[in-house]
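Participant: Given the coordinates of chain D, work out where chains F and C should sit on it, guided by the hints.
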Amino acid sequence: MAHYVLVHGAWHTGTELGPTAALIRAEGHQVYTPTIRGNRPGDSKTTGLAEAIESIVEYLDENNAKDVILVGHSYGGMVITGVADRGAHRLRRLVYWNAFVPNNGESLLDMGAPGSVDIMEAFAAERNDGSIELPFPFWREAMINDADIETAKRTYNMLNPHPMKTFGDKISLSQNPAEMAIAKSYINCTEDTAMPHSHPWHPRLSEKLGLFRLIQVPGSHELCFSNPVKLAQAIMDAGRD
Amino acid sequence: MAHYVLVHGAWHTGTELGPTAALIRAEGHQVYTPTIRGNRPGDSKTTGLAEAIESIVEYLDENNAKDVILVGHSYGGMVITGVADRGAHRLRRLVYWNAFVPNNGESLLDMGAPGSVDIMEAFAAERNDGSIELPFPFWREAMINDADIETAKRTYNMLNPHPMKTFGDKISLSQNPAEMAIAKSYINCTEDTAMPHSHPWHPRLSEKLGLFRLIQVPGSHELCFSNPVKLAQAIMDAGRD
Amino acid sequence: MAHYVLVHGAWHTGTELGPTAALIRAEGHQVYTPTIRGNRPGDSKTTGLAEAIESIVEYLDENNAKDVILVGHSYGGMVITGVADRGAHRLRRLVYWNAFVPNNGESLLDMGAPGSVDIMEAFAAERNDGSIELPFPFWREAMINDADIETAKRTYNMLNPHPMKTFGDKISLSQNPAEMAIAKSYINCTEDTAMPHSHPWHPRLSEKLGLFRLIQVPGSHELCFSNPVKLAQAIMDAGRD
Chain D
23 MAHYVLVHGA WHTGTELGPT AALIRAEGHQ VYTPTIRGNR PGDSKTTGLA EAIESIVEYL
83 DENNAKDVIL VGHSYGGMVI TGVADRGAHR LRRLVYWNAF VPNNGESLLD MGAPGSVDIM
143 EAFAAERNDG SIELPFPFWR EAMINDADIE TAKRTYNMLN PHPMKTFGDK ISLSQNPAEM
203 AIAKSYINCT EDTAMPHSHP WHPRLSEKLG LFRLIQVPGS HELCFSNPVK LAQAIMDAGR
263 D
Chain F
23 MAHYVLVHGA WHTGTELGPT AALIRAEGHQ VYTPTIRGNR PGDSKTTGLA EAIESIVEYL
83 DENNAKDVIL VGHSYGGMVI TGVADRGAHR LRRLVYWNAF VPNNGESLLD MGAPGSVDIM
143 EAFAAERNDG SIELPFPFWR EAMINDADIE TAKRTYNMLN PHPMKTFGDK ISLSQNPAEM
203 AIAKSYINCT EDTAMPHSHP WHPRLSEKLG LFRLIQVPGS HELCFSNPVK LAQAIMDAGR
263 D
Chain C
23 MAHYVLVHGA WHTGTELGPT AALIRAEGHQ VYTPTIRGNR PGDSKTTGLA EAIESIVEYL
83 DENNAKDVIL VGHSYGGMVI TGVADRGAHR LRRLVYWNAF VPNNGESLLD MGAPGSVDIM
143 EAFAAERNDG SIELPFPFWR EAMINDADIE TAKRTYNMLN PHPMKTFGDK ISLSQNPAEM
203 AIAKSYINCT EDTAMPHSHP WHPRLSEKLG LFRLIQVPGS HELCFSNPVK LAQAIMDAGR
263 D
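Residue numbers (my numbering), protein chains in the order written: chain D, 23 to 263; chain F, 23 to 263; chain C, 23 to 263.
Read the hints as simulated data drawn from the structure, not as lab findings.
If you're wondering where the values come from, they're calculated on a predicted model, not measured in any experiment.
A few of these clues could be false.
DSS-like cross-link-like pairs, simulated, lysine-lysine; straight-line CA separation at most 25 Å [said to hold, decoys possible]:
#1 D:K230 to D:K192
#2 C:K230 to C:K67
#3 F:K67 to F:K175
#4 C:K88 to C:K175
#5 F:K88 to F:K175
#6 D:K67 to D:K192
#7 F:K175 to D:K252
#8 C:K252 to F:K252
#9 D:K252 to C:K67
Quick look at which bits of chain D chain C covers, simulated, 3 or more residues with Cβ under 8 Å [what the hints assert, rightly or not]:
#10 161 to 168
#11 234 to 240
Glycine residues also receive a C-beta, built at the ideal position from the N, C-alpha and C atoms.
Chain D with its partners taken away, still in its complex shape:
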């Protein structure tokens, strides 16, 4: 039995990873799906990256977690990298799933595609409360391109406004991921165009891990909604020893 902690991406909470978690549990593993500070109902939308990371460190401490396979999706890659830097003693392996891989001093926006900072800031300006929402056409075409329109609409309604500060804050690490001794995997969904393929997740960001295990699976950025069965299998293939 392995111990999985699944850390969601921006605009999500842990709840949306429920179906995936259930499938991994059915194979005999323990699975936790915490929600990062800033994405919980009532959380301040001025939450920054350090607080976000701290909330998952606290979660692992409170549960006295050991031997954890820590999985991070998208923005969750920022979070698990920060957690690994502070709580390596609780971890067995890091699994990045179409996730950002920061070196010390980098922000999520530093790793975006050319022009993405302007786009994100324009989205954020529409709300003017520190949070950012995605317009539906971008969600439907670029993030959940492998689902039908009903699934795209239903899941869009589950999203929560994301604290923009977590995207701009530069992470503080004592060592870069490539230097971390822990085992690492990268799951790449091959039709994920949340990051344009001319400026892709893999290998551009994955190779910042140094030695890592690559798992690829067909699907969009939101495989948790479009195909939890394939995602659960990919997580287990990435997470095993």
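Facilitator: The following block gives chains F and C in isolation, referenced to the frame of chain D:
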């Protein structure tokens, strides 16, 4: 029920898309497979790009087509882009299938791989009537690499000499595809080496669409022959809302 | 019935290709799995590339092989290229499977990723007898990423120390692969990270073949262990006319 118009590529006619169309119809949709001027029996082999585009504009007008999902394969991407610029009121979505995506003033040959102009002109010189044919080894190895030899030979015999002028003519557009308001999808067959992978269809050409939906499917440039079932599904995944 | 000769990669012998060969034979073909000089029990670990190539030329001569589909895996690509230059009269097609494709005067190390020469020399320095072994973590994460840990361990124990000289020797060819008249295919396992994807097997090395047939299949560098069924099918799809 959706309304599909499938626009073939160079050397083909609409007839070869028959098996794919039948599979889409079986799911309850309307499907048309016109043949572009220049590829119809008896057409002049000095046909140019503007005439080719005009023939599909006329086809939509004659059928008083509405709400069309307009699919273009390879060279057909030149044609559907021109049609979209002139007849957007008849269209619901553009679907490019391993297709050229021209900006205003570009020709198909402008988007070819380095050296491809020379190769195409050498092929054309062998016929000396304005048309171009492909040598069988290129067809078999680079265009229908996923089929057996019998399928490769049988389908080679269906091809018609293609008017070279349609490759060299520069398209005239009032706006580039990225600026067009219509929804867009790109189907990428992942083993398509008609365009070398160092100079690929996707993302090099697909990203000229601006926001678009990516659908990928295993197969060669000629999936209409090697696997119409997978192609039909990809077209429906690309064409739905 | 076709005649396949499967040439293994570094650290391997022909024996490890037994399960794949059996699956191809079950489809009615003849399959041979020689072991390259330098990898046979008792072979000198100072064996160089020319001797390695010569051992397969001799093998084909001794068996009076004709009409051979010659398949090379990884380092085996160096060997089959050299064999093709000397014994084209015995061959029907070359099939490279995540393999090196050398031009005249190139060594395997010339085609490695940036930094790989230093890494390989560091591995070799640990043995100091002319041979090189891979550390288990690299094998498990970068070369057999699609297998479970038991398979990774079991197959690691089958490996033999590889003569480093075969990696550094420059090949001597009368013509480069692109100029060879013989038919050529390239099998690319899409999760193969033995070569980092920022510096990939395909299309970087495959396109040195000139006109070639691409076959892609999901899997790691060691598909012979993780999925011989898929590998056997890929070899037959690559090897047929």
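Participant: Hint by hint, say whether it matches the structure.
Facilitator: Here's how the hints hold up against the structure:
1. D:K230 to D:K192: Holds: D:K230 and D:K192 sit about 16 Å apart, inside 25 Å.
2. C:K230 to C:K67: violated (30 Å)
3. F:K67 to F:K175: holds (24 Å)
4. C:K88 to C:K175: At roughly 38 Å apart (the allowed maximum being 25 Å), C:K175 and C:K88 break the hint.
5. F:K88 to F:K175: Outside the cut-off at roughly 38 Å; violated.
6. D:K67 to D:K192: Distance ~17 Å between D:K67 and D:K192 Cα, so the pair holds.
7. F:K175 to D:K252: The given pair, whose Cα atoms are some 38 Å apart, is violated under the 25 Å limit.
8. C:K252 to F:K252: holds (19 Å)
9. D:K252 to C:K67: Given that 25 Å is the threshold and the Cα spacing comes to 45 Å, the pair is violated.
10. 161 to 168: violated (count 0)
11. 234 to 240: It holds: at least three residues are needed, and the stretch 234 to 240 of chain D offers 5 whose Cβ sits within less than 8 Å of chain C.
In terms of the numbered hints stated before, the structure departs from hints 2, 4, 5, 7, 9, 10, listed from lowest to highest.
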